[in-house]
Structure formats: structure tokens, C-alpha cells
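These protein sequences, in sequence, are chains A and B.
The C-terminal position of the first sequence is numbered 112 in this note's numbering, with every residue numbered one higher than the one before it.
The C-terminal position of the second sequence is numbered 588 in this note's numbering, with every residue numbered one higher than the one before it.
Please keep in mind that the hints were generated in silico from the structure rather than gathered at the bench.
A virtual CB, placed ideally from N, CA and C, is assigned to each residue, including glycine.
Treat the hints with care, since some could be wrong.
Sample of chain A residues facing chain B (criterion: CB under 7 Å; computed from the structure) [said to hold, decoys possible]: (1) Ala20; (2) Ser40; (3) Leu49; (4) Phe102; (5) Gly103; (6) Gly105; (7) Leu109; (8) Lys111.
Not everything, but these chain B residues come out facing chain A in the computed CB check (under 10 Å) [to be verified]: (9) Ala526; (10) Gly527; (11) Glu546; (12) Pro549; (13) Leu585.
Read off the chains here:
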Amino acid sequence: SQQGEEDPQALSIQEGENATMNCSYKTSINNLQWYRQNSGRGLVHLILIRSNEREKHSGRLRVTLDTSKKSSSLLITASRAADTASYFCATPVAAGNKLTFGGGTRVLVKP
Amino acid sequence: NAGVTQTPKFQVLKTGQSMTLQCAQDMNHEYMSWYRQDPGMGLRLIHYSVGAGITDQGEVPNGYNVSRSTTEDFPLRLLSAAPSQTSVYFCASSYSIGTPYGYTFGSGTRLTVV
């Protein structure tokens, strides 16, 4: 079973709008990571948030983490067509030696 | 360019054949992993390594072998290919699980077993 689960599974928005996706996980973590995958490509690391952090920003990305609810959210502000991709959350398990991924959120940004 | 290199990019195998997917990184990363990605399933961990000479199983290890004789290389061997192993395979590496730079992924190997 997967450690992280993203919601929604798919999201369609207009260029310029914000996109929000959520990740829930099952066990305690020391960090949570978000990745982007463009069609047919490998995953690209976007941002890592540690368990003692509640919010982190990187450019147009904003990530929050609520360890009491075992959930995280990724917000992409002022979306662009180039943001069209699948987004995955990932968490380390098994004493930190395994990185497990959720099923991803497919984001379509329409021009 | 520094990064993770996977070869081949595409491969077609017949059922029962064996092959090795190659993965090499030049960033002196200790952690390396193999994932498979199937439609609607996300990424599933096959095997991983925390350093040369040390490997362990992930979620879906059956039918695959790995070894880590050097820091740079982490090949994945399919012992007897089956149609269920048709997938896209990704190799990834990292300094550590908690590094702010996360994992670096290769561009993938698309494998079809007929």
C-alpha cells in the first residue's frame, strides 16, 4: 500500500489561476517531498519540507505540512501552461531508507 | 553533465528473456533506487541501496535482482521477463533521504515484454 495519497487525481484550470493539491500519509515522517513529472520524462524534485516546518515557499510554489493531520498541500500560484504535469508527494519510510510515492495529481493548465 | 544516466531508453523483450537495465550517477550519491511506473499506479519501489555493497528490497522486488559493486552504478536485472513487467523503469539517486535536493531521477527505460 502507498504511504502517500494525492487528492484530487486530476485538476484542470485556466492559465493564471491557482492550483492546489493535497497529500495524505499514514505514518510519522521527518520530511515530505514534492516532485513534478512532465509527460514521458523523469521526476524532478520541487521542494522538501521537514516535519518541524509548517510552510515553505519556492518561487510560485507554496507547501504546507500539518503533521497532526498527516497531510500536506502544494499550491501553484499564477499557473502557466508549462505547469501542466503530474505532481507527486513522497515520504521516507523504514528508518528513512525508502522513499515512497503517492499516485500523483495530473494537472492540466489551459492557455 | 552531472546526473543519472539510464540505458537503454527503450527495450522490447520476449517472455523468458533476461536483461540488465543500466543506471549510473556521477554525483557521488550514496542512495540509489529503482522504481517502476505503471498507468494509474504511481511509482513503486523495486530495490534500493544505501551504499556500495548494500542493497535491500522495496515493495515489488519479485523477478528483479540488483547489486551495487561501486558507488556509481546500480544495475537492475530481469531474470526471466514476463508481460507483467511491461512498465517504465526509473533509477534515482540522492545524497540522503533528507537532503533538501531530494532525489535525482534518470529519464527512464520503457520496457515492453511480449
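Verification of the supplied hints:
1. Ala20: 19 Å, violated
2. Ser40: This interface hint is violated because 11 Å lies over the 7 Å limit.
3. Leu49: 5 Å, holds
4. Phe102: 4 Å, holds
5. Gly103: Since chain B brings a Cβ to about 6 Å from Gly103 of chain A, closer than 7 Å, the hint holds.
6. Gly105: 6 Å, holds
7. Leu109: 17 Å, violated
8. Lys111: 23 Å, violated
9. Ala526: 15 Å, violated
10. Gly527: Given a least distance of 15 Å, the restraint on Gly527 of chain B is violated.
11. Glu546: 18 Å, violated
12. Pro549: 18 Å, violated
13. Leu585: 14 Å, violated
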